[in-house]
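*Asks:* So you can see what is in the structure, the chains are spelled out below.
Number of protein chains: 2
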Amino acid sequence: MTEDKLPTRKENFSEWYNQLVVKSELADYAPVRGCMVVRPYGWTLWENMTGGLDRRFKETGHTNAAFPMLIPLSFFEKEKEHVEGFSPQLAVVTHGGGEKLEEPLVVRPTSETIIGYMYARWIKSYRDLPVLINQWGSVLRWEIRTKLFIRTAEFYWQEGHTAHSTEQEAREETLRMLDVYADFAINDAAIPVIKGEKSETEKFAGAVQSTSIEAMMQDTRALQSGTSHFFGQNFAKAFEIQYLDPSNTLQYCWTTSWGLSSRMVGAVIMTHGDDQGLILPPKIAPLQVVIVPIYKNDTEKSSVLESTNSVFKDLKDSGIRVKLDDREEVTPGFKYNYWELRGVPVRIEIGPKDVEQQSVTVARRDVPGKSGKSSFTKAEVAAKMHPFLLEIQDALLARATAFRDEHIHEPASYDDLKNIVQDGWAFAYWCGSTTCETKVKEETKATTRCIPLEGQPKVAGKCVVCGNKAEKKVYFARAY
Amino acid sequence: MTEDKLPTRKENFSEWYNQLVVKSELADYAPVRGCMVVRPYGWTLWENMTGGLDRRFKETGHTNAAFPMLIPLSFFEKEKEHVEGFSPQLAVVTHGGGEKLEEPLVVRPTSETIIGYMYARWIKSYRDLPVLINQWGSVLRWEIRTKLFIRTAEFYWQEGHTAHSTEQEAREETLRMLDVYADFAINDAAIPVIKGEKSETEKFAGAVQSTSIEAMMQDTRALQSGTSHFFGQNFAKAFEIQYLDPSNTLQYCWTTSWGLSSRMVGAVIMTHGDDQGLILPPKIAPLQVVIVPIYKNDTEKSSVLESTNSVFKDLKDSGIRVKLDDREEVTPGFKYNYWELRGVPVRIEIGPKDVEQQSVTVARRDVPGKSGKSSFTKAEVAAKMHPFLLEIQDALLARATAFRDEHIHEPASYDDLKNIVQDGWAFAYWCGSTTCETKVKEETKATTRCIPLEGQPKVAGKCVVCGNKAEKKVYFARAY
Numbered sequence: 008m009t010e011d012k013l014p015t016r017k018e019n020f021s022e023w024y025n026q027l028v029v030k031s032e033l034a035d036y037a038p039v040r041g042c043m044v045v046r047p048y049g050w051t052l053w054e055n056m057t058g059g060l061d062r063r064f065k066e067t068g069h070t071n072a073a074f075p076m077l078i079p080l081s082f083f084e085k086e087k088e089h090v091e092g093f094s095p096q097l098a099v100v101t102h103g104g105g106e107k108l109e110e111p112l113v114v115r116p117t118s119e120t121i122i123g124y125m126y127a128r129w130i131k132s133y134r135d136l137p138v139l140i141n142q143w144g145s146v147l148r149w150e151i152r153t154k155l156f157i158r159t160a161e162f163y164w165q166e167g168h169t170a171h172s173t174e175q176e177a178r179e180e181t182l183r184m185l186d187v188y189a190d191f192a193i194n195d196a197a198i199p200v201i202k203g204e205k206s207e208t209e210k211f212a213g214a215v216q217s218t219s220i221e222a223m224m225q226d227t228r229a230l231q232s233g234t235s236h237f238f239g240q241n242f243a244k245a246f247e248i249q250y251l252d253p254s255n256t257l258q259y260c261w262t263t264s265w266g267l268s269s270r271m272v273g274a275v276i277m278t279h280g281d282d283q284g285l286i287l288p289p290k291i292a293p294l295q296v297v298i299v300p301i302y303k304n305d306t307e308k309s310s311v312l313e314s315t316n317s318v319f320k321d322l323k324d325s326g327i328r329v330k331l332d333d334r335e336e337v338t339p340g341f342k343y344n345y346w347e348l349r350g351v352p353v354r355i356e357i358g359p360k361d362v363e364q365q366s367v368t369v370a371r372r373d374v375p376g377k378s379g380k381s382s383f384t385k386a387e388v389a390a391k392m393h394p395f396l397l398e399i400q401d402a403l404l405a406r407a408t409a410f411r412d413e414h415i416h417e418p419a420s421y422d423d424l425k426n427i428v429q430d431g432w433a434f435a436y437w438c439g440s441t442t443c444e445t446k447v448k449e450e451t452k453a454t455t456r457c458i459p460l461e462g463q464p465k466v467a468g469k470c471v472v473c474g475n476k477a478e479k480k481v482y483f484a485r486a487y
Numbered sequence: 008m009t010e011d012k013l014p015t016r017k018e019n020f021s022e023w024y025n026q027l028v029v030k031s032e033l034a035d036y037a038p039v040r041g042c043m044v045v046r047p048y049g050w051t052l053w054e055n056m057t058g059g060l061d062r063r064f065k066e067t068g069h070t071n072a073a074f075p076m077l078i079p080l081s082f083f084e085k086e087k088e089h090v091e092g093f094s095p096q097l098a099v100v101t102h103g104g105g106e107k108l109e110e111p112l113v114v115r116p117t118s119e120t121i122i123g124y125m126y127a128r129w130i131k132s133y134r135d136l137p138v139l140i141n142q143w144g145s146v147l148r149w150e151i152r153t154k155l156f157i158r159t160a161e162f163y164w165q166e167g168h169t170a171h172s173t174e175q176e177a178r179e180e181t182l183r184m185l186d187v188y189a190d191f192a193i194n195d196a197a198i199p200v201i202k203g204e205k206s207e208t209e210k211f212a213g214a215v216q217s218t219s220i221e222a223m224m225q226d227t228r229a230l231q232s233g234t235s236h237f238f239g240q241n242f243a244k245a246f247e248i249q250y251l252d253p254s255n256t257l258q259y260c261w262t263t264s265w266g267l268s269s270r271m272v273g274a275v276i277m278t279h280g281d282d283q284g285l286i287l288p289p290k291i292a293p294l295q296v297v298i299v300p301i302y303k304n305d306t307e308k309s310s311v312l313e314s315t316n317s318v319f320k321d322l323k324d325s326g327i328r329v330k331l332d333d334r335e336e337v338t339p340g341f342k343y344n345y346w347e348l349r350g351v352p353v354r355i356e357i358g359p360k361d362v363e364q365q366s367v368t369v370a371r372r373d374v375p376g377k378s379g380k381s382s383f384t385k386a387e388v389a390a391k392m393h394p395f396l397l398e399i400q401d402a403l404l405a406r407a408t409a410f411r412d413e414h415i416h417e418p419a420s421y422d423d424l425k426n427i428v429q430d431g432w433a434f435a436y437w438c439g440s441t442t443c444e445t446k447v448k449e450e451t452k453a454t455t456r457c458i459p460l461e462g463q464p465k466v467a468g469k470c471v472v473c474g475n476k477a478e479k480k481v482y483f484a485r486a487y
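Residue numbers (the numbering used here), protein chains in the order written: chain A, 8 to 487; chain B, 8 to 487.
No lab work stands behind these hints: they were computed from the structure.
Heads up, some of the hints might be wrong.
Heads up, the list lumps identical chains together, so a pair's fine if it works in one copy or across two of them.
What the hints assert, rightly or not - As a list, the in silico DSS-like pairs of lysine-lysine whose alpha-carbon atoms are at most 25 Å apart: (1) K131 with K342; (2) K12 with K30; (3) K85 with K308; (4) K85 with K131; (5) K323 with K65; (6) K65 with K290; (7) K154 with K107; (8) K131 with K30; (9) K210 with K154; (10) K308 with K360; (11) K452 with K425; (12) K308 with K154; (13) K12 with K131; (14) K330 with K65; (15) K377 with K391; (16) K377 with K330.
One chain only, chain A, in its complex shape (with noise of 0.2 Å):
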């Protein structure tokens, strides 16, 4: 029983992340192309992401619902932008029940088209508005090139669809729902993100606005974390979603719509990992303890594991996730392997020397060597946990933000942008038009990842590609 090594993220950085998506088996691919198989310790990262954005939903007022995956060919025909964004990636169901169908029916890659016929059927008045519904499921966007987590054909997420009266109120959700994102990212996830406004090429198809978070990875390409979208009236006007104002008169909706995917377990991932494996922020870890007992013979061995029995059972009575690794036929030097490979936060070693002294051994995932070692009486290990697994979490964050911070910079020319989205981002005036954007990403690749919301110079200057008058700045970068 042995692994093979990773390769290391300077050796091959996406090999590095292809091979421990497998290895560390958070996911498998799929016989069915393009599709993943996310696998137990994979799902529950997951869920412990989507407890936390679900409880985030409803604190501002959402509640769940489910609408059909099948969505009728025809519906997407109805929003102009929307059909021709979606129509390349669509999945198509032909027959059903043995016959073909008169219709054909769409596998959902979105459903702004299915809940927005619905949406045109329950609303009737002012009073039932808003409406502020999410769906937790998967979608299907058929994808040639595809990579774990960051891009398959189905993938898992959550999408909220939300109706208003007014367009004030519409954007006002817009942001609320990206602020919850950014909240998410940064105090669960510990990866700092940046929130800004899309560039019109990359908006979502059929929206006025679209928002998004953005992360950066370790090899510094930018990973879009998270999308919230304003629509203006464009679904309500082709969904014919009415309401009835206080004074009777037909209105239109204005509608919203928001998602975040499972590519943001590929963001933990790529944010936080080394060549060990992953280091998983303590607050959505599977497990953010394992105990490693260690003893050379039977005598070493009974009291060995009286004590990690004991200390198991203190950290699971306060609450902590924690597993004790008692396998007999591994090493303890495999199972440190192991559980780094895995990303645990923290490793507890219980020998015959930690008995005699009532201690454990606390090793860092983050922090490898002996630096990151320290001691704790077994008494103190329950209490210790908590402040202990938060400390990390914080740390976490604050590696990943000056990282990034590291590798921003604002380039003094068009040719110093070129240099600077090799190896970071660049933070840039920019002019807004397309000619320049285009330009950017066929000479470099770089993509402008979004206008920040926060932190925009309050003087024009000059686009740097163009010098033609900027207002804003934007992030140019090569992204996933």
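We have chain A; now place chain B onto it with these hints.
*Replies:* Just chain B, lined up with the frame of chain A:
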């Protein structure tokens, strides 16, 4: 704002159900043939049910995972009975990304095949066993006649899939999960269920043994509410799920699967509801208490709202799912009907007299009229509410159990059986032959529901149909 009255259960039980589901806003018909939309109120009810189940799955050592919704058609052909059983119900994706697929993909009707394929890849050694995985999601089975929650093309469920090294362990798992289902049905949904084994004709396509929990609806029809299957080595052989035993010999695994679906929501409606609407068991009700303020003028309003707000806060703080219905555009009487239709277990009325006496009026949904009303002092509402809800939960189970037991009879003859199944279940000796089973079905529309695991006679008897020797008794009933 008025709501049309429901037909009574006696007038038309089926229409009572169909209208109630839509009017109470649990679910709605989707614009896709045979599919439903589960609305926020219905989905919250389902979430409260899945929460109780998921906790039980985890307590019995299972973890969740996710497998693709699309399955290659060829996978179904590997298990002969399985493909025969499911072929007529498949929805088939023939096109993806604008092109015809080389091999058609099936939207999963159940996941034994794709999970079996993955288990064959993951399981190498006896040390990898047992594998205990559950999946939450939806599946699709093309259905001609549909009924919201009870039978729809797409439905929501969980499917557990386990692999074991011994037959005994797999058989134990099958019954363990049946016990979990029964425990959930009885204690959370307040539905008394009978655990038993399915006949050859009623069992799952590909199973060696199928077991189920069976519930009686108020029209005395049976509803299969959860199933647990022992597959022997059928799927292990079809998908080559093998492991090396301790002596290094290759062995086939023994597998199981078990599922409980959103039809359980239908069971709750048809077990507990009355002519005024839903009656939801407190443990799973989206709202446990609704508070209705009653006042005639602004002076009354201000003191009443002060009281409702403070009671609302007390209940919320003590963990009760409570809603304050302070709508101004509808009368208290309208609100009573509105929340009765939606089955909220407890209504609290607070009027000027209650304010004066520092008390609240409490009305039980399950006991209509005066006999269900009592008065709590305002100070004790929160403390009393938890035991009060438990009392209601118990009363619902007791009532449903009494109803069921009154409608189960042991037929003295075959003619007697014919009468019994018109308005109840017949519990009778059966020889086990498909001939006798089919005869009963053709002549009475009653099918064998299950051979109960408990309460079997100790001596053999005579088959109620053919008079031949019969070892066991079975339930015959018309079923959903």
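*Asks:* Work down the list of hints and note, for each, if the structure agrees.
*Replies:* Tested hints:
1. For a Cα distance limit of 25 Å, the shortest separation of K131 from K342 across copies, 19 Å, qualifies, whereas the shortest one inside one copy, 61 Å, does not.
2. Taking the shortest alpha-carbon separations for K12 and K30, only the intra-copy value of 10 Å comes in at or below 25 Å, while the best inter-copy value is 60 Å.
3. Proximity of K85 to K308 under the C-alpha cut-off of 25 Å is found in neither arrangement, the shortest distances being 70 Å within a copy and 48 Å between copies.
4. Proximity of K85 to K131 under the C-alpha cut-off of 25 Å is restricted to the intra-copy arrangement: shortest distance 21 Å within a copy versus 51 Å between copies.
5. For the homomeric pair K323 and K65, the shortest alpha-carbon distance between copies (15 Å) is at most 25 Å, but the shortest distance inside one copy (28 Å) is not.
6. Taking the shortest alpha-carbon separations for K65 and K290, both the intra-copy value of 19 Å and the inter-copy value of 19 Å come in at or below 25 Å.
7. Within a single copy, K154 and K107 get their C-alpha atoms only as close as 34 Å, which misses the 25 Å cut-off; across copies the closest is 23 Å, which meets it.
8. In this assembly of identical chains, the alpha carbons of K131 and K30 lie at most 25 Å apart only when taken from different copies (15 Å versus 53 Å within one copy).
9. Taking identical chains as interchangeable, the C-alpha atoms of K210 and K154 lie at most 25 Å apart only when both belong to the same chain, with a minimum of 22 Å there against 40 Å between chains.
10. With identical chains, the CA atoms of K308 and K360 are at most 25 Å apart within one copy only, with a shortest distance of 12 Å there and 72 Å across copies.
11. With identical chains, the CA atoms of K452 and K425 are at most 25 Å apart within one copy only, with a shortest distance of 10 Å there and 77 Å across copies.
12. Taking identical chains as interchangeable, the C-alpha atoms of K308 and K154 are never at most 25 Å apart, the minima being 44 Å within one chain and 61 Å between chains.
13. When the C-alpha separation of K12 and K131 is checked against a cutoff of 25 Å, the pair qualifies only between copies, where the shortest distance is 20 Å, while the shortest distance within a copy is 61 Å.
14. With identical chains, the CA atoms of K330 and K65 are at most 25 Å apart between copies only, with a shortest distance of 15 Å across copies and 31 Å within one.
15. Taking the shortest alpha-carbon separations for K377 and K391, only the intra-copy value of 20 Å comes in at or below 25 Å, while the best inter-copy value is 56 Å.
16. Proximity of K377 to K330 under the C-alpha cut-off of 25 Å is restricted to the intra-copy arrangement: shortest distance 23 Å within a copy versus 55 Å between copies.
Checked against the numbered hints listed earlier, the structure breaks hints 3, 12; every other hint is satisfied.
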